[in-house]
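**Student:** Given next are the chains, with one letter for each unit.
There are 2 protein chains.
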Amino acid sequence: MDEQTPPLPTAAPPATPSAPPKLDDQLCFALYSAGLALTKVYRPILEALDLTYPQYLAMMALWERDDIPVNALGAQLRLDSGTLTPLLKRLEARGLLQRRRDPEDERRVRVVLTEAGRSLGARASDIPLAIGQAAGMNREDARAERDRLVALRDRLEAFLDRE
Amino acid sequence: MDEQTPPLPTAAPPATPSAPPKLDDQLCFALYSAGLALTKVYRPILEALDLTYPQYLAMMALWERDDIPVNALGAQLRLDSGTLTPLLKRLEARGLLQRRRDPEDERRVRVVLTEAGRSLGARASDIPLAIGQAAGMNREDARAERDRLVALRDRLEAFLDRE
DNA sequence: AAAAATTCAATCGCGCACAATCTTTATCGC
DNA sequence: GCGATAAAGATTGTGCGCGATTGAATTTTT
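The listed protein sequences derive, respectively, from chains A and B.
The numbering of the first sequence is numbering that gives the first Met the number 0, which starts it at 0 and goes up by one.
The numbering of the second sequence is numbering that gives the first Met the number 0, which starts it at 0 and goes up by one.
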């Protein structure tokens, strides 16, 4: 597919003495800067729910399915306990959820929504539409872009999990 | 796959009492999690240069053009002085750049690469190829995805700058 | 020219992300 | 049962990102 440049990753570099990469050429920077812009769009919207963006992601996962161990939530969100433990403690302090030791296995902490936490979900139902407007995308384009990014993420994660 | 829910983007919401959004449906989460995965792929590669990922982005901008004020660098990277000042101080402490007050306008601090900083650019020249391999993307697909993300970012930024 | 407004960088505080380390609990081998 | 190993989560330390504020330098207004 990319046959105009002979791959030869380890082959001799061209005559030019290895030029540094350029910021605006990089897919990584596009991903990075689009992510920053998106959280800036979310910030004022989430202010109404008094949630940060990662807190909103955690709540979304829990609205779908709660009473799960921290570990399972982390797998969905791609976050480890170093990030999740303090985040969940803040949400617990706000009365949106409870963290309970699992009696079946005392190593586990299960995350359970409170009534307040569950009812916040109804107030969040309009957010995707508002973001769609801000992004200037229709549903199909957003869905297609989401699928491409998920595919990219999955390939990157597969690479990280190699051997 | 998700066709049991009729689209109706701007139409009246259904009788169901406003269902909460779902994590895996969201473009925002795909962007977020792809970004996390990408920085995890970068981390071991950048370890060889002893740079964090945002430091690498800053150096990339400076390899292209240095002797610029902090706020010009921030405009390229989409970062403000609260983020850049400490980041640049760490790079200065490592001898990769210097921060100098501009004699023309004493409010400005100009960022100038040292010889060590400039020569690091040569050692970074192979990084994009390595990332391309990890992402399992050929050049054209990566370029097309980059362009779509830049377009998304630009629409989001335009929305943020409205009125 | 004096006052007001603006610009630029630095600083502070908060909340992620994540590596590394530690504690507690469970499970495996024997 | 008992020790070794593994697994889950908490803790600590570093480095972003960014809102808010501050202070100094410059520009604009009057």
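It is worth saying that the hints were derived from the structure and are not from the lab.
This one's a predicted model, so the numbers in the text were calculated from it and none came from an experiment.
Backbone N, C-alpha and C fix where the C-beta goes; we use that ideal spot for every residue, glycine too.
A couple of the hints might just be wrong.
What the hints assert, rightly or not - Listed below are the simulated DSS-like cross-link pairs for lysine-lysine, each with C-alpha atoms no more than 30 Å apart in a straight line:
| # | chain 1 | residue 1 | chain 2 | residue 2 |
| --- | --- | --- | --- | --- |
| 1 | B | K88 | A | K88 |
| 2 | B | K21 | A | K21 |
| 3 | B | K88 | B | K21 |
Claimed, not checked - Counterexamples of contact, computed for chain A against chain B with all Cβ distances above 10 Å:
| # | residue |
| --- | --- |
| 4 | Q25 |
| 5 | R93 |
| 6 | D104 |
| 7 | S124 |
| 8 | R142 |
**Student:** Taking the hints in turn, state whether each one holds.
**Tutor:** Checked hints:
no., hint, result
1, K88/B x K88/A, "violated (33 Å)"
2, K21/B x K21/A, "violated (36 Å)"
3, K88/B x K21/B, "violated (41 Å)"
4, Q25, "violated (7 Å)"
5, R93, "holds (17 Å)"
6, D104, "holds (25 Å)"
7, S124, "violated (4 Å)"
8, R142, "violated (8 Å)"
When held up to the earlier numbered hints, the structure conflicts with 1, 2, 3, 4, 7 and 8 and fits the remainder.
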